[in-house]
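*Asks:* Start from the sequences, fold in the hints, and give me the full structure.
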Amino acid sequence: MAQRTSVLVDSLEVVAPTKRKRSWGLRLGGLVPVSVLLVGLLFPLFRIFVHVLDDETWPKLTGFFSQEVNRQTVFHTMELGVLVGFFGVVVAFLFAYVQTQLDVPGKRILHLIALLPIVSPPFAVATAVIVLFGRNGMLSSQLLGITHDIYGLDGLTLVLVLSFFPVVYMNLLGMMQRLDPALVEAAKNLGAGQFTVLRTVTLPLLVPGFASGFLLLFVEAIADLANPLVLGGNYTVLSSRAYIAITGEYDLGTGAILSLMLVVPALSVFLLQRVISNRKSVVTVTGKPSGSPQYLTGWAKWPPYVVGVAICTLIVTIYATVIAGAFTRVLGVNNEFTLDHARYIFSGVGSEAMFDTLRLALIATPIAGLLGMVLSWMIVRKLGRSRGAVDFLSMMGIGIPGTVLGIAFLLSFRNPTKLFGVTVLPAFAGGSTFLSGSLAIGLMFLIRSVPASVRSGVGALQQIHPSIEEASTSLGATDTVTFRRVTIPLIRPALISGLSFGFARSMTTLSPIVFLVTPDTKIMTSQILGEVDGGRFGNAFAFCCVLIVFVAVVLGLIRLIVGDGALRRTKKRTSPTPKKLVPTPQTAGQI
Amino acid sequence: MSARILPIAFTAVLVTAVSLTAIPSASSAQKKVVTPKAGAACKKSGQTSAGLVCALDAGKLKWQAAPTSTVAAPTTAATTKEEGGDKKLVVACGAQEDWCQALTKAFEKKSGIKTSFVRLSSGETVARLGASKSNPEFDVWHGGPSDGFEVAGRNGLIEPYVSPNAAVIPASYKSPTGMWTGVYIGVLGFCSNTSTLRKINASIPRSWNEILSPKFKGQFAMSHPSTSGTAYTALWTMTQVYGSEDAAIDYFKSLNPNVFQYTKSGITPGQMAGRGEIATGLIFSHDCLKFREEGLSDLVVSFPGEGTGYEIGGLGMIKNAKNQSAAKQYIDWALTAEAQEIPPTVRSYQIPTNPNAKVSDRAVKLSDVKLINYDDQKAGAAKSALTKRFDAEVANAPR
Amino acid sequence: MTQLPAKQSSNQSTNQSAATRSSQDLHLRGIVKEFPGSTGVVRAVDSVDLDIEAGEFLTLLGPSGCGKTTMLRMIAGFEDPTSGSIFLGDQNIGALPANRRPMAMVFQNYALFPHLSVAGNVSYGLKIQKRSKPEIAESVEMALMTMNLNGLADRDPHQLSGGQQQRVALARAMVMKPDVLLFDEPLSNLDAKLRVHMRNEIRDLQQRMGITSIYVTHDQEEAMALSDRIVVMNKGRVEQVGTPGELYLTPSTVFVADFLGTANFLDVRVESFGGDWAKVSVFGETKEVRAHPDAQSSAQRVLMVRPEALTVAAVDEATANATVLSASYLGARAELRLESQEGELIAVTSDPEPDQMPRAGDPVLVSFDGARTYLLPN
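In the order they appear, the protein sequences are chains U, S and V.
Counting from 1, one number per residue, gives the positions in the first sequence under this note's numbering.
Counting from 592, one number per residue, gives the positions in the second sequence under this note's numbering.
Counting from 991, one number per residue, gives the positions in the third sequence under this note's numbering.
Quick caveat, the hints were computed from the structure, so don't treat them as lab data.
Think of the CB as a built atom: it goes at the ideal place given N, C-alpha and C, for glycine as much as any other residue.
Don't take each hint at face value.
Said to hold, decoys possible - Once the Cα atoms are required to be at most 27 Å apart in a straight line, the calculated DSSO-like pairs of lysine-lysine come out as:
#1 S/700 / U/60
#2 S/679 / S/700
#3 S/910 / U/60
#4 S/844 / U/60
#5 S/701 / S/910
#6 S/790 / S/844
#7 S/700 / S/979
#8 U/107 / U/382
#9 S/979 / S/949
#10 V/1117 / U/382
#11 S/705 / S/678
#12 U/418 / S/913
#13 S/700 / S/844
#14 S/910 / S/679
#15 S/910 / U/418
#16 S/678 / U/418
As the list claims (entries may be wrong) - Here are some of the chain U residues that sit facing chain S, going by a computed Cβ distance under 7 Å:
#17 233
#18 334
#19 389
#20 418
#21 519
#22 520
#23 530
*Replies:* Structure below.
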């Protein structure tokens, strides 16, 4: 070796490399979100398991399946999940198909209408469906003379499919748009007709999307509480049973057991869904699509279009019903115009609930956004072996049914948590605690919003080459400065999407917070539950309208504050997310 | 530049949000405590409850003689205590949302005590009281059937308070131990939709047997006793009407094919009947009247001739309540005629327990109804077991 | 450029503990980097010692996966060595985080901040150091002028051509006046012509500014054109360090000989050794060739013959010792593939006549000039 040894060299000894000190900003930045997840997610779940193990509850668990009623409830829950999963994927595919494969009028409008249910307050769809299609419904009975019993499995399936399919639709739409037209051209070049192409090329490539969509809908369906409460009739599912066990019988033990029954399939399906959607889809690998998409020709394009238009009409009718219901005495029975409902909800408790909800959601959303971005940064860039665990933990907030999480919060935060006699965590759920329980609700909002931010953040970061951040480091910036000056601006579109989703979710969430409301902290969705319970659909509809307006206004503000301007620059090389308020495909897939 | 906007925006949102949180507490602290006028409200306490007793006699009820021992301490006792001056009161409210709102608002206006409430079913109330026993989040429980209060009392969740104003309330409408005091009477009845009845070719039901008719198949609804006090009142009523728990369970078993749905909430069947989803629902008659007033105009109330049950809407003080003086003040006030005349303004037509309160002419006339002698002690004691039986043998029975 | 403020000016806090002299030697001692792999621990870099002089242009050359980029990233501070130390001058910088090392890196994909303009990119590091506004403006203007980017200050990176983006990346690094400039295959995304142009610019700039530079590439021509010295790496180890000439003419291993340029390896019989030369018999004759010091002690040896050292003459079949397999006309030279008793050979001739190219099957006589050959241990 030709060495030009300097004088110094021989005195330089080889020493063990010193572990470089990470900046405090990063340490803290990493510690905070993870501990929030530990306290707000893992610990409550742990408490459920512990509760099930206690002497009083354990026998109930072991005897659980010996009761016909319980077996049936579990079966109902799974049945509902499967049906919603199946039909939801069918509807979602139909819409994506119309958007990408058909040259038909009004596609943009169909797209927008299909996204409407993303902002659907709980009960809105279900109560509207009762008004429209109930035994004495405006459309079914009064117009068509059908007295079909909408309560039960079929009604639930309809309502849940309508409420949850948009997310899967977004996911499939993204996949189909990225589908390289060259593949279709290649198939045609080899002699395949348009149906053969669909059957042999398009559909097989979408299988991961179908699977992940199905599982996603399955989890949403078995977790839903609001719809089974109103529309379930005698069709009992686990989430409503758990709710009744707690609120009606105050049987926390049974509540915990039912939660466990719900958590097991939900979490396993959630895991499966992640495995499927994490596997790199063949569709995304192709890189730059070449050629232009070819539309389906001939008569074949009309049937899917007609079905799509029909579903859109249904969605519009439902939303129109919500609005009309807010301004009529009893829609369908007494259609006289009235402002009573509006007056009622804006007076007293109603407006308190509005502002409590808005305030908490407004606090939780930006924090969730920030935590989500930090978490996704850690997951994509900073973590080694613990990456998978943190990733899973940060997504778990939506994998766990809301009812379960609510019950878990109840078990965990009602009383101070003591460790060896020392209070490590004061009680913060319930009216008698500091800030009268709003901390628990805020934490719940946070936990439920973080996944949206993480998913979109991870999606965005994976598309930004790490060297861009390294360049910043190399130019003297600390990790914190890099995160603030380079990473955040680059993932801004993802941040918007995460914030929007998180906010919409916080505003419309019911099942996890229904156990946590207190006299001084009221939440709109639980007020809606009260109104629906009391049969005052008009008030409920009015609340729903306000909720929709709130969400729309805040989403607009989020765009104004966080968005645009800077987006222009990012779009060409790094913009991983379309500039829409709606989720990006990769975001959507996980929510 | 753009990189700067984000943190600023975050900070702005956070600051706004935090200041929003801070506002209510700040403003409530500034409120002055208005001197309570509980004494004035108690002036009527000397009067007898003769009027009400007469009315009830007409309703063929055999009331026990009102024990004088429960008559209250001098009114001054209550007033002196209030000088401690709680600024805040939290009510667990078992009636409908607007009822709760109207009453708490009126009290707040009168007393200057910031009064908040949360609407809870009786099961939920017992649950939450139990959960926060060591650190109660409520001070008063107002509304909802008295059996719930009995349960709470036995579990040590509420404590006796004999209001000076309770003297005027007939003895049968209050706990002998002073654990709770009744504020209203609600009579269980059928809530039917006349046009739906016409469709199924049935007349307005006037007996428990009538609704067993196949005409009512899938046309009847009631709430589930495990979640609703209303349903439990019905369940216990049948126990008394038919003489045994077994007979009552058998009755509900045979009613089961007609039941379209067991609802979570006690009043939902009335709403369903009002919409024409079903012909008849079993609910408290005053709730049915409320629905009719609110626009479900086809509704009509009827009562079973065999005799029907009723609820006494309770009022009690939470054990170890944080704001005890305010709680007592509230209870004193809620028993006055003035307070008991508020519900009709929000279309709630229960019968007030205070004989001096004006009874709305829309309220059910007790003289028109055959009431059973509802044994709330026994009802309360049997509740847990009977509800479980219903759950196991009737409601969840697959059809 | 010389008026640009030095990176270690006194008003910034981040680099105070870093070296405060402008140009210093860099010493690597016993550098090992292990990564957890699917089949156990993978050694990406294996016991590397290296000394880089101040102002030197050193290239890490090797095939992909040889550890050269990992080496560079350890020097930059993006990876921590599993063991070993890095000294800048006499200071161990192993404990310094990447952002506090007085180094600037130019990335393969340029890594321009897409949300910042050209000026924003170039001024980024200076802003982090909290330089004054006029100072930053001046430095940025100078840097853009030096890199021929005048008038592009307000453009967005995606509006620039590849070459321009590369210049911005360079300007962004240069403006920091770093002690060490690090290049990670910066030219690999450019087309062939531009690549040659840019490498000349980089070389000129480096010569002018005298910044110690470490350059990673897998392109041996680029390495030879740019470097004072080249470090050839293979499987995480340093194969040889030397000037381009040393590596080309006297490679110490077959790998180095093969990796730099084209080489024919002939199995030869060694008649005798004489220090740094040997007598070998090949093509039926005995020749004196230069020999690697280790060749004598090695059990097996091969003779490296560069294609341009072979002389090919058209002869009749009787005198021929090889036949032509194929002949490619490349303008300034021609490349011939030959079949000989020593195996397949590649020969290069200069100034070929396009219409007088040999055809496949033609008999030829191959001989070589002993001066451009080297006997290697195998």
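*Asks:* With reference to the structure, classify each hint as holding or not holding.
*Replies:* Hints, one by one, checked against the model:
1. S/700 / U/60: Given pair residue 700 of chain S, residue 60 of chain U is violated - Cα atoms ~49 Å apart, limit 27 Å.
2. S/679 / S/700: Distance of about 13 Å is within 27 Å: holds.
3. S/910 / U/60: 31 Å, violated
4. S/844 / U/60: 25 Å, holds
5. S/701 / S/910: 25 Å, holds
6. S/790 / S/844: 25 Å, holds
7. S/700 / S/979: 43 Å, violated
8. U/107 / U/382: Violated. Residue 107 of chain U to residue 382 of chain U sits at ~42 Å, over the 27 Å cutoff.
9. S/979 / S/949: Roughly 40 Å separates the two Cα atoms, so the pair is violated.
10. V/1117 / U/382: 25 Å, holds
11. S/705 / S/678: This hinted pair holds, its Cα atoms lying about 6 Å apart.
12. U/418 / S/913: 24 Å, holds
13. S/700 / S/844: Roughly 49 Å between the alpha carbons, so the hint for residue 700 of chain S and residue 844 of chain S is violated.
14. S/910 / S/679: 16 Å, holds
15. S/910 / U/418: 25 Å, holds
16. S/678 / U/418: 32 Å, violated
17. 233: OK, holds: residue 233 of chain U within 7 Å of chain S, min 5 Å.
18. 334: 4 Å, holds
19. 389: 27 Å, violated
20. 418: This interface hint is violated because 13 Å lies over the 7 Å limit.
21. 519: Since chain S brings a Cβ to about 4 Å from residue 519 of chain U, closer than 7 Å, the hint holds.
22. 520: Since the shortest Cβ distance to chain S is 5 Å, the answer is holds.
23. 530: 5 Å, holds
The structure is inconsistent with the numbered hints 1, 3, 7, 8, 9, 13, 16, 19, 20, although it conforms to all the rest.
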